[in-house]
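Number of protein chains: 2
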Amino acid sequence: MQPLPTLDQQPRIYPQGSPLVVIGGAEDKEREKSILKTFFTIAGGPQARILIIPSASSMPEILAEVYRLVFVQMGAAKVDVLNITSRFEADLVETVERVRASSGVFMTGGDQVRLCNLIAHSALARAMQQGSILGQLVLAGTSAGASALGACMIARGYSGEAPKRNIVELSEGLGILKNVIVDQHFHNRNRLPRLMTAVAARPDCLGIGIDENTACILHAEGTLEVIGEGTVTIVDGSELIYNTINEIQAYQPLSVGSFRLSVMAQGLRYNLRERKTL
Amino acid sequence: MQPLPTLDQQPRIYPQGSPLVVIGGAEDKEREKSILKTFFTIAGGPQARILIIPSASSMPEILAEVYRLVFVQMGAAKVDVLNITSRFEADLVETVERVRASSGVFMTGGDQVRLCNLIAHSALARAMQQGSILGQLVLAGTSAGASALGACMIARGYSGEAPKRNIVELSEGLGILKNVIVDQHFHNRNRLPRLMTAVAARPDCLGIGIDENTACILHAEGTLEVIGEGTVTIVDGSELIYNTINEIQAYQPLSVGSFRLSVMAQGLRYNLRERKTL
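Chains A and B are the protein sequences, given in the same order. Numbering of the first sequence is given in this note's numbering, commencing with residue 1 and proceeding in unit increments. Numbering of the second sequence is given in this note's numbering, commencing with residue 1 and proceeding in unit increments.
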């Protein structure tokens with residue numbers, strides 16, 4: 001049986017600073033581009049100085065160019081690409097200076113483990129977090145770039161199975177969002193069982209599952225706002241009264257309950273501190 | 001916004017009589033056969049007189065023969081097949097007499113709409129319900145035969161999509177279980193979003209999603225017991241505070257929350273009246 005965290009004991013999820021834009025992947029880049037436009041606007045609109053980090057991807061140059069063109073066409077004052085390929089680069093003073101000169105950082109999709117291996121605990125990651133907390137930098141991540149934002153991260157997992165320990169592997173993310181586990185391509189890839197399993201393993205973390213072409217905007221005061229085509233699913237394990245995840249073998253089905261589970265489409269808002277819909 | 005049913009206003013889910021065996025489909029018929037053996041035992045073991053109703057299937061003779069052999073090999077006193085092919089047959093006195101002469105009725109998989117079209121509101125359905133309530137008949141259903149047990153039934157639906165009204169179509173089931181919506185092949189076919197949508201449409205009903213080779217035994221006192229390989233998922237909408245299902249277009253994503261969601265593996269028990277795990 002898991003110890004039950006009370007809300008009072010939980011650190012704040014996003015206490016201060018700039019909004020974050022957390023995107024569920026496959027966001028529209030060709031038509032309305034409403035999610036990318038929202039990020040562009042929050043990051044300063046025509047004054048935006050956007051830095052694209054494509055390092056999660058195995059084709060970083062191609063992907064970076066797609067986003068660079070989108071933000072250039074929107075009219076950003078500056079659009080730059082920072083393709084980190086080693087931890088050495090992530091700790092360079094000039095890397096930090098490029099982050100500090102930006103008003104928005106956009107992390108692309110790819111593999112969140114690759115991204116975290118390159119930049120977790122680096123000077124780059126600290127500069128991103130600091131800029132966000134100081135209200136000087138708007139961070140955005142899509143797909144792998146969204147997953148990496150949490151302190152606890154789904155490294156990999158499986159779909160189409162009942163919750164059991166071996167359908168999800170957790171690792172450490174960038175830690176920009178505390179006490180949150182982000183999952184993406186969510187209903188599109190049937191990921192609710194894996195997010196439930198992740199939250200069973202870490203009931204101190206709030207599970208946030210974001211569909212494709214959908215995003216959460218996390219506002220400084222602790223409000224999550226849904227935009228885009230699909231839904232955002234909240235898996236709240238703070239009221240679990242049973243949970244066998246630490247008692248069963250990895251391949252055995254999990255017993256866990258009860259979660260509080262909410263599904264929210266565009267326009268809905270959720271209070272992350274009190275864990276309720278507004 | 002849906003009116004919120006309170007537990008007091010809800011009719012009892014399964015008040016009295018014989019246990020029911022509600023199976024999530026694809027139960028083992030060749031090796032341990034533990035779920036079918038449980039039904040056989042509850043229905044009387046060597047004294048069991050089992051009636052197989054294969055009418056949900058498009059190949060009723062073949063499927064009936066598979067189950068007939070299983071129960072014969074287990075040593076049932078009598079195993080018989082009742083293949084209803086018209087509503088006329090479902091209302092015959094001799095059909096009712098065959099049900100009354102049985103200690104267990106087993107409804108196979110297939111298409112729950114076909115099954116209900118043939119037998120809902122018939123003398124056969126009434127005889128099954130009466131036998132069950134009087135404690136003289138153990139009812140079992142697998143897959144389509146499980147779905148059909150509820151008063152409200154998922155007629156068809158889609159997987160791999162965010163909850164929205166058009167991913168599930170509800171119709172009237174046999175009504176043997178009140179205030180329950182049963183879904184089957186559950187995590188195997190990623191059916192949690194469709195069951196959540198069904199419960200959003202009918203929050204007076206408790207959603208019960210059963211995995212393959214897994215079953216619920218519903219005991220007379222209102223206890224659900226899980227047996228088998230997978231999990232049973234409970235979707236409880238009795239505490240919903242928002243629900244846009246009657247406000248949105250069928251193709252638009254649904255906002256609904258918060259459900260109480262529990263996942264239970266073999267050995268767990270759930271109190272259907274108080275809606276909590278035991």
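No lab work stands behind these hints: they were computed from the structure. A couple of the hints might just be wrong.
To be verified - Some but not every residue of chain B turned toward chain A, in silico, with C-beta under 7 angstroms:
id, residue
1, V72
2, N166
3, H187
4, A250
5, P253
As the list claims (entries may be wrong) - If you anchor each label on the Cβ, the simulated ranges turn out as follows:
id, chain 1, residue 1, chain 2, residue 2, range
6, B, E274, A, S159, 48 to 54 angstroms
7, A, R156, B, N166, 58 to 64 angstroms
8, A, S159, B, T41, 32 to 38 angstroms
9, A, E30, B, G160, 51 to 57 angstroms
10, A, R156, B, L134, 49 to 55 angstroms
11, B, N271, A, R273, 30 to 36 angstroms
12, B, N166, A, K29, 43 to 49 angstroms
13, B, N166, A, E30, 54 to 60 angstroms
As the list claims (entries may be wrong) - If you want a taste of the chain A side facing chain B, the calculated C-beta under 7 angstroms gives, among others:
id, residue
14, T41
15, G44
16, P46
17, Q47
18, T95
19, A162
20, P163
21, N190
22, I227
23, T231
24, V256
25, G257
26, F259
27, R260
28, S262
29, V263
By construction, the Cβ of each residue, glycine as well, lies at the ideal position given by its N, Cα and C atoms.
Interface hint compliance - A/G44 to chain B, C-beta minimum distance less than 7 angstroms: Since chain B brings no Cβ nearer than about 30 angstroms to A/G44, farther than 7 angstroms, the hint is violated.
Hinted contact A/F259 with chain B - closest CB pair below 7 angstroms: holds (5 angstroms)
Residue hint A/T41, partner chain B, criterion CB-CB below 7 angstroms: Given a least distance of 23 angstroms, the restraint on A/T41 is violated.
Outcome for the supplied range 32 to 38 angstroms, where the beta carbon pair is A/S159 and B/T41: holds (36 angstroms)
Supplied distance hint 54 to 60 angstroms, evaluated on CB atoms of B/N166 and A/E30: violated (26 angstroms)
Supplied contact hint for A/P163, tested at 7 angstroms Cβ to chain B: Where the cut-off is 7 angstroms and the nearest Cβ of chain B is about 5 angstroms from A/P163, the hint holds.
Range hint 43 to 49 angstroms (beta carbons of B/N166 and A/K29) holds or violated: violated (27 angstroms)
49 to 55 angstroms as the expected CB spacing between B/L134 and A/R156, which holds or is violated: This hint holds: roughly 53 angstroms between Cβ atoms.
Given hint A/V263 near chain B, where the shortest CB pair must fall under 7 angstroms: holds (5 angstroms)
Status of the B/N166 interface restraint (C-beta, 7 angstroms, chain A): Check failed: Cβ of B/N166 comes no nearer than 14 angstroms to chain A, outside 7 angstroms.
Hint status (Cβ of A/G257 to nearest Cβ of chain B, threshold 7 angstroms): At 3 angstroms from the nearest chain B Cβ, A/G257 passes the 7 angstroms test, so the hint holds.
Hint check: 7 angstroms Cβ-Cβ cutoff, A/R260 to chain B: holds (4 angstroms)
Hint compliance for this structure: hints 1, 2, 4, 6, 7, 9, 12, 13, 14, 15, 16, 17, 18 and 22 are not met, and every other hint is.
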